[in-house]
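If you're matching them up, the sequences are chains F and S in order. With this note's numbering, letter number 9 in the first sequence gets 9, and the count goes up by one each step, no holes. With this note's numbering, letter number 24 in the second sequence gets 24, and the count goes up by one each step, no holes.
It should be emphasised that the hints constitute simulated quantities derived from the structure, not laboratory data. Fair warning: this is a prediction, and the values are worked out from it, not measured in the lab. Heads up, some of the hints might be wrong.
Taking lysine-lysine and the DSSO-like style, the derived pairs with C-alpha atoms no more than 30 Å apart in a straight line are [as the list claims (entries may be wrong)]: (1) K136/F with K58/S; (2) K326/S with K314/S; (3) K136/F with K314/S; (4) K41/S with K300/S; (5) K297/S with K58/S; (6) K326/S with K300/S.
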Amino acid sequence: MDDRAFTLLSAMLTGYDGAALAATGCLPAYRRQVEAVAGPELAARMADAGAALAATTDDAAREAQARETVLADPDLGPLARSLIQLWYLGQWVPMPADWVSRNGARREDVARILSPLSYREGLVWDAIGAHPLGAKPQGFGAWAQEPPASPEAGS
Amino acid sequence: MSEYDAVIVGGGISGALVAKRLAAEGKRVLILEAGADDGDKPETYRAYHTAYQLNPIKVPNSPYAQNPSAPSPTVLDIGPIAPGAPDHAGYFVQKGPLPFRSDYLRALGGTSLHWLGTCLRMQPRDFRTASEFGHGVDWPLSYDDLAPWYEQAEWELGVSGDKADNDFAGIHFSAEYDFPMEPIPKSHLDRWLEDGVRGMRVRLAGGEHSELCVASTPVARNSIPRRETYMVGGEPAGPYDAAGATGPYAFQGQRCEGNSSCIPLCPIQAKYNALKTLEQARRSGLVDIITQAVVSKVEKDPATGRITGLLYKKYAFPGASVWEMKRVEGTIYVLATNAIENAKLALASGLCGASDQLGRNLMDHPYVNVWGLAPVPIGSFRGPGSTASIPSLRDGDFRSEVAPVRLEFDNWGWNFAANAPYSDVSRMVEEEGLFGPALRHRLRERVQRQVRIGIMPEQTPSRYNRVTIDPAWRDSLGEPRPVLEYDVDEYSRAGILQGVDVTLEMFRRLGIENHTHWDPNDPGYVSLGGRGFVYFGAGHNAGTHRIGTCASDSVTDVGGRSWEHDNLWLVGCGAMPTIATSNPTLTMTALVLMAAESMKHALEGKA
């Protein structure tokens, strides 16, 4: 899976654009993680699905296509859902048992936070209008202010 | 003649403050700390922060590696207990009937590394619950007796607070006194709740009515130092300089910047921890600290009862299979570990047995979560864990019937109650099938409205809630593991349910949708009158060596000096006869400072 295909797929799945994802510094590590668990064949299928999604310009059609070709697929779906959670939480969610029995067990397929960076760069904190607990503080007294009304960064 | 005037067991808040106070009088002090070497290095503190970020389970002890040579309990140890089958999966051996759900930390700095920092005073009637309400026991001292020590404690820990917001239920402050720092601002959530409950009257047990109010919480967390001079414990003090802990600029404390991780650690050490006081104590040049030293026995002279020395096991590194037994002597000895370890060590050494109170009266705040979704975004997951609470149910005549509670507002959404936002992401992705912009918007919409209120009831002392030791249960150094018996009585349960009712009334008034769910399979699930709920531990372990007026019903005198062993002091939350509805650290600190005064007099031959 090349970086471009992986970025397109990640952007589609997370709702954050490629620039925002690249800015986390986590793209290479997350691509390696998905490839390691998926194996070459499934990784290639994922890359193709990502490229096909990127070629679809209509939002509604693309969403339907993502569901059909990726999220509803018994092999790609679990990978995609774990990838979303990896982006949002910095944490890998292992594949379900039936997936493992079809595709094999991999040593990388364990529940873990990949790195302190991946914890800090979890998209969930931006999505909820806050900051990672224990990092990127907003400053003294910021908590007394109203929460931001709409997404501020990484749109 | 021994080398040290005082030998202290434990390098947490109590031990550090005793060391600092005695060294200020020119005394030579040794601290023996069970935790690992290098606990005072900035690199170690940074490593704690990294470990916290990497640990997928964020509980109070997550940043601090388990030390096999001096194990700590963790809240993850808790499992079911059956009659005759204690739960011994963790460090504690729990005989029940209910699990004791709190932890502590055996490392330099102690549990202060992961505490929240709350510094509430007890209310005047909290000191005489037996005579006022027929529950618990009366203290051997009053609020007014302790007030000057509270003032000193607030300056030692560096408390940010607002007098005008905290003079309820008889708590009063001297006109010449103020907290050393301005209050930590209330969160957006605090003020939204405050506006919503303004003028709300609730009916309490016994028919009493109470009007709810919201008070900002005094906390040992740096804000803006006040530039005035005040009378603190009868002495002029100030202007205050905010303190840091480790690192080259430790003398210049940082101001809280809203890292929102007070528990389990403040990355910039704006929150007080005992490393700050240890650093100040060491500047005297009179304080030595030996780490990786687990005290095994306190030796006494059988004829006089006086303590003659301490035996400790010095291990080479955490998990080392060998250790060296060493001995040290001092003029006086101070047990300053924590309520459970103090009791364990004294029991293992055959001390303080006459009153049969040692190890008994173990207390905590059995803490209950109530949570819901506000109708508007309230700014969760920003700022210190808690910045305000409702004190209105902390005191009242209803205390004859049900336990008082504090209603604590939480700024971190459902993090404690439901592992948010992790559980939200997982549910939305795995179960609700959300992805892309829809996921992102749904997360904001849901998580920004999460409200949690913690109900913190008084637990009264019971002789059946206790710490014991048993030769069958030992740790890797051969030291006894604490064996715990624990229950939550009907008085506390009834108080909790009154707190739940008031909280749900608030929810209805403010349009907060109740999402509270208590799992009947949870080890902390208990009920009263058919109404069940789940309690957690608050980490407020107290009561096991209480102070008192006579040797027959207490372990030490009011100054922490053992009734039976003339040169032994036991300090820490174990000294507290009752726990009230305030987080105990500030009261513990005030008692420790009193105890240090008692030690000073003893060393000078005045008592």
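Hints breached by this structure = 3, 4 and 5
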